[in-house]
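Asks: Kindly generate the complete structure, drawing on both the sequences and the hints.
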Amino acid sequence: MSDRESVAHLLRRATFGPTADEVDAAERAGPAATLDRLLTPPATDRGAAATPVPALPPDPYAGLTKDSTREQRQQANAERRKQLQQVTEWWLDRMVAAQDGLTEKLLFFWHGHWATSAQKVKSARLMVGQLETLRRHGRGPLGPLVAAMVRDPALIVWLDGQKNTRKAPNENLARELMELFTLGIGAYSEADVKAGARALTGWVVDRRTGTVRFETKRHDPGEKSILGQSARFDAEAYAGLLAAQPAAATFVAGRLWFRYASTETPAPDGLAGADTIATVRALFSAPAFAQTRGTLVKQPVEWLVGALRQLGVRPSALPEQQRKQLLAGLNALDQVPLRPPSVGGWPAGSAWLTTSSLQARLRTAGVLAAATAPGVLARLTAAPTAGRPDALARLLVVDGWGARTRAALTPLAGEPRKLLAAGLVSPEYTVS
Numbered sequence: 001m002s003d004r005e006s007v008a009h010l011l012r013r014a015t016f017g018p019t020a021d022e023v024d025a026a027e028r029a030g031p032a033a034t035l036d037r038l039l040t041p042p043a044t045d046r047g048a049a050a051t052p053v054p055a056l057p058p059d060p061y062a063g064l065t066k067d068s069t070r071e072q073r074q075q076a077n078a079e080r081r082k083q084l085q086q087v088t089e090w091w092l093d094r095m096v097a098a099q100d101g102l103t104e105k106l107l108f109f110w111h112g113h114w115a116t117s118a119q120k121v122k123s124a125r126l127m128v129g130q131l132e133t134l135r136r137h138g139r140g141p142l143g144p145l146v147a148a149m150v151r152d153p154a155l156i157v158w159l160d161g162q163k164n165t166r167k168a169p170n171e172n173l174a175r176e177l178m179e180l181f182t183l184g185i186g187a188y189s190e191a192d193v194k195a196g197a198r199a200l201t202g203w204v205v206d207r208r209t210g211t212v213r214f215e216t217k218r219h220d221p222g223e224k225s226i227l228g229q230s231a232r233f234d235a236e237a238y239a240g241l242l243a244a245q246p247a248a249a250t251f252v253a254g255r256l257w258f259r260y261a262s263t264e265t266p267a268p269d270g271l272a273g274a275d276t277i278a279t280v281r282a283l284f285s286a287p288a289f290a291q292t293r294g295t296l297v298k299q300p301v302e303w304l305v306g307a308l309r310q311l312g313v314r315p316s317a318l319p320e321q322q323r324k325q326l327l328a329g330l331n332a333l334d335q336v337p338l339r340p341p342s343v344g345g346w347p348a349g350s351a352w353l354t355t356s357s358l359q360a361r362l363r364t365a366g367v368l369a370a371a372t373a374p375g376v377l378a379r380l381t382a383a384p385t386a387g388r389p390d391a392l393a394r395l396l397v398v399d400g401w402g403a404r405t406r407a408a409l410t411p412l413a414g415e416p417r418k419l420l421a422a423g424l425v426s427p428e429y430t431v432s
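First residue of the sequence shown: 1, per UniProt numbering; consecutive thereafter.
Think of the hints as simulated: they come from the structure by calculation, not from any bench. Please note: incorrect hints may appear among the correct ones.
Straight line, CA to CA, 27 Å or less: simulated DSS-like cross-link-like pairs of lysine-lysine [unchecked claim]: (1) Lys-120 - Lys-82; (2) Lys-120 - Lys-324; (3) Lys-324 - Lys-217; (4) Lys-82 - Lys-167; (5) Lys-163 - Lys-194; (6) Lys-217 - Lys-167; (7) Lys-167 - Lys-194; (8) Lys-66 - Lys-120; (9) Lys-324 - Lys-298; (10) Lys-194 - Lys-324; (11) Lys-66 - Lys-82; (12) Lys-194 - Lys-66; (13) Lys-217 - Lys-194; (14) Lys-298 - Lys-418.
Computed from a prediction, not measured in an experiment: that's the story for all the values here.
Replies: Shown next, in the form of structure tokens:
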């Protein structure tokens, strides 16, 4: 693999989709320096600064009472939906604009890992609050992240933490915390789940303020035995116990490998580091990572955001109708940010390669091609007609077209927007 192919592979996986200019710069720097730069956040991220977190009013439902009319409730629901769409559009815009692409994509990884859906939470403020928690702790050690998440309002609502009391323990959060978020199947017992649920009792969400509070009378202060240790565990101590297990670091490293490297090949030994960034460095430095080039199907959000970046399109600059079409495309592709289908998160691999998904990609690719920035389109049309498939490969950071794809692209060379759309749905672009 050449240096250019190596850095292109790294950038495709570590970020949402590099531009040709970014690959040029990475090739000049070399693979090692490029990885160092990716793992070191810029002092100032102008793109992130230009897409600040939207200011959201309190939950529209917080002001309702038992005497509120049906119309008032319908109005509150409509306002909730409006706020959630606003936040979804904001996050997509941030993904495109952010210069620190690794951190932004890592946030999306954690969002899928701690899969929490607005479908049930029904609060833009709570969902944004969770994203900020994941952003704040997502690069560091596992302990502070788990401790923050067991007190996260959105997660507590999502997994029925408010129903978890001393008199009537609810095991949902404790079970998923061990099975899906920290340890994995087989690393705990049913007794551990029951004791963990007791440790998590007492936390309730105040929708008026978007915060949690601890109610002593709802908490079980008794001694609990979890993973072979006995103590008067509360939520923080329980989180610390889980995060300190060697199985937790190994499990999270495996999930990072699954999303960033391969859904088919097991993670190599020795990836787990002292914190997430150390693990990510080990992952991208592993010899096995280089062998995964061209094998990982892009998730729909990765596909869309990468295309927007490469085509020079900021979602916030598009007319409302085109913004709606992009969100409709993600909805048809079954991956809308803030709406994972279950606590298990989104699928991976060939699950994204269905007949219906191809049709949705085709429609969305047409929207993207129509919205392409004039300067980007000019770079494509500046190439001789016969050379435009190769110019397109450079634009979309594809290492090269297979014979079948090139045969399909060549007749479209005289129609640049159709050529763009076809390239966006090609196997070489869909699989990175």
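Asks: Each hint needs a verdict: does it hold in this structure or not?
Replies: Verification of the hints:
{"no.": "1", "hint": "Lys-120 - Lys-82", "verdict": "holds (15 Å)"}
{"no.": "2", "hint": "Lys-120 - Lys-324", "verdict": "holds (22 Å)"}
{"no.": "3", "hint": "Lys-324 - Lys-217", "verdict": "violated (47 Å)"}
{"no.": "4", "hint": "Lys-82 - Lys-167", "verdict": "violated (38 Å)"}
{"no.": "5", "hint": "Lys-163 - Lys-194", "verdict": "holds (14 Å)"}
{"no.": "6", "hint": "Lys-217 - Lys-167", "verdict": "holds (10 Å)"}
{"no.": "7", "hint": "Lys-167 - Lys-194", "verdict": "holds (13 Å)"}
{"no.": "8", "hint": "Lys-66 - Lys-120", "verdict": "holds (20 Å)"}
{"no.": "9", "hint": "Lys-324 - Lys-298", "verdict": "holds (22 Å)"}
{"no.": "10", "hint": "Lys-194 - Lys-324", "verdict": "violated (44 Å)"}
{"no.": "11", "hint": "Lys-66 - Lys-82", "verdict": "holds (23 Å)"}
{"no.": "12", "hint": "Lys-194 - Lys-66", "verdict": "violated (35 Å)"}
{"no.": "13", "hint": "Lys-217 - Lys-194", "verdict": "holds (19 Å)"}
{"no.": "14", "hint": "Lys-298 - Lys-418", "verdict": "holds (21 Å)"}
The structure shown violates the earlier hints numbered 3, 4, 10 and 12.
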